[in-house]
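Colleague: So the chains spell out like this:
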Amino acid sequence: MISVKDLNKVYENGSIAVHALKSVNLEVKEGEFMAITGPSGSGKSTFMNVIGCLDGATSGIYILDDEKIEDLPDNELAEIRNRKIGFVFQSFNLIPRTSALKNVELPMMYAGISGRVRKQKALEALEKVGLGDRVEHKPNELSGGQKQRVAIARALVNNPAIILADEPTGNLDSKSTQEVMDLFKKLNEEGVTILIVTHEQEIAEQTNRIISFLDGEIIMDKIIEKEKLEKKDQSIEA
Amino acid sequence: MLLIETLRVALQSIWANKMRSSLTVLGLVIGILSVVVITTLGNAAQADMTSVFDAYGKGKLSVGLRHNNDRPAVYRDYFSDEDITAVGRMETDVFAVSPELSRWMTMSHGNKQMSIDMYGVNQNYHEVETVDIIRGRFLTEEDVLGRRNVMVIDEKAARYLFGSTDCIGEIVTLTTGWHTVELMIIGVDKLLDSAILNMAMGNYAYGYMPITLATRMDSIDRYPMLLLQAQEGLETNIVGERVLSLLERRNKERDMYRVYSHEDDLSQVNEGIGFLTLTVSGIAGISLLVGGIGIMNIMLVSVTERTREIGIRKAIGAKPSVILLQFLVEAVILSLFGGILGLSIGGLISFGIVGALGLPFVISKGAIIMAFVFSTTVGIVFGVYPANKASKLDPIEALRYE
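In order, the protein sequences belong to chains P and F.
Note that full-length UniProt numbering has the first sequence beginning at 1, numbered continuously upward.
Note that full-length UniProt numbering has the second sequence beginning at 1, numbered continuously upward.
Keep in mind that a hint or two might mislead.
Sample of chain P residues at the chain F side, in silico, Cβ under 8 angstroms [said to hold, decoys possible]: (1) D55; (2) N75; (3) E79; (4) F87; (5) N93; (6) I95; (7) Y110.
Hints in this document: simulated from the structure, not taken from any laboratory.
Heads up, the beta-carbon is just placed ideally off N, CA and C, and yes, glycines get one too.
Between the sequences and the hints, there should be enough to build the whole structure, so can you do that?
Modeller: Written out as structure tokens, the structure is:
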């Protein structure tokens, strides 16, 4: 699904060169549910931007869904983001004054999908995230958890290769946090590949694989045992 | 599909900032409004002049003396009775001819007194100029040959001296300063059907008297000007050329006379009105520029305000061209809105003014097209820079924008 080889990212900040990513290698398989952790400045956000095709790497190879992502023109990057990546942000980033339905329709709009199909798919996606009764609500009429679920519906709706979630629970209370994480788990069980960037250990441990960044390098790549995950679920329920 | 969405978002964004949007387009509204009012008034004035010409001016020519410096015109260059007879004999070309000698005189009746432009003319004059007798009659051949003390007065003078046009048979006194005569009013001439001309003339009043009487008062027997009516269906200018060459042959003079037609007058007047309209429109057009800058300004503000939204749209797959189109469409809608508003208000205002002046109301297709073309152009020209700026935003930076 994702294959990263010897990826480097260097920011030229005046005369100082900042080495944000140093020879990063990573393989992500279809259907994985993983977390990227690390302190701020560790390179996890830069890595996420590169993976999300928002930013290009300085050197190295990045293959997303059998497609080699090089220094492509903005138009093509936009198309790849549209088709293959679903973003979920910490601050929800819904379009203001626009209904949940219209927000979810937006990626399909940019993909050139016709109105009727668009509306139907958007309704299905909102139904899936449990907001079937909130489709006409504007972002300011929704709670934080609901907003984030709209954002997840929007990320899902074009059937992307991967969902990239950048601190998706950072602005949520604990109840909404768990709702969102449960939603991610459910989606992952249905086969959606999900990558969460977080600095919260609690969140990271709910995924199946944790990658830790420090100073632009991956310092840890840990597969979490299935049993342990189930046990943790039980302990929360208890 | 995307275009409809683009329109929807643009309208929504404009609607969300109603007050700001209205103020932004104000400059454009005023610009378009001014241009519409000015062109409509100009067109109305031209239509008025043309209708006057069509009613009265077709085929009318006047022949006068050319004033050139090497050989100044003198009294003996004036037209003689023989010249008039000769021109009158050009029957295939000339329908009627009359001499004309005009003098400012003071006209008085009882204790009322006024200045009047008195034209000495012959009985053919009503064929060569606009004369529309509403009371009494015009001068006859007998009046002219018999040098009778009679005159035709215009409606305005009649109303001033007598309070009405009911003044046939009244005696008035006219004086040039050296000579004084007493004339009986035999006819009243109607005012022109032109708001513009009547307005331009103000208190101007005129009258007609037999040419024979006028030359006698001035102690001359030649005439400075001939007026004539071409035969119907002939090119007025060709008739003018023929009359000119006849006069040149008779008097063995070249380049002494000049001829001009009412058509020349009309096209000159209309050219003048057109030029004036264009100039004033041009000046008013500057406010379009100002309006355009206003739109650019507010679009730049809008781009900054919506930086984050632009970032979101880019992240979920909006191409730069889509963002560009979004803001361009918004700028164009904004300026079109201004254009339509300006056109409507301008139309109403000019309808009011034109109505008050009694001119024909012609809202020209040109003004409508101009309003749309100008406002769209302003929208595009001044929208491109902000839209381009929006389309080039870095999505990462934009998403981080607070």
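Colleague: Would you mind marking each hint as holding or not holding in the structure?
Modeller: Hint by hint, here is what the structure shows:
1. D55: holds (6 angstroms)
2. N75: holds (5 angstroms)
3. E79: Interface hint status for P/E79: holds (7 angstroms vs cutoff 8 angstroms).
4. F87: holds (5 angstroms)
5. N93: Because about 5 angstroms separates P/N93 from the closest Cβ in chain F, which is inside the 8 angstroms limit, the hint holds.
6. I95: holds (6 angstroms)
7. Y110: holds (4 angstroms)
In summary, the structure agrees with every hint in the numbered list given earlier.
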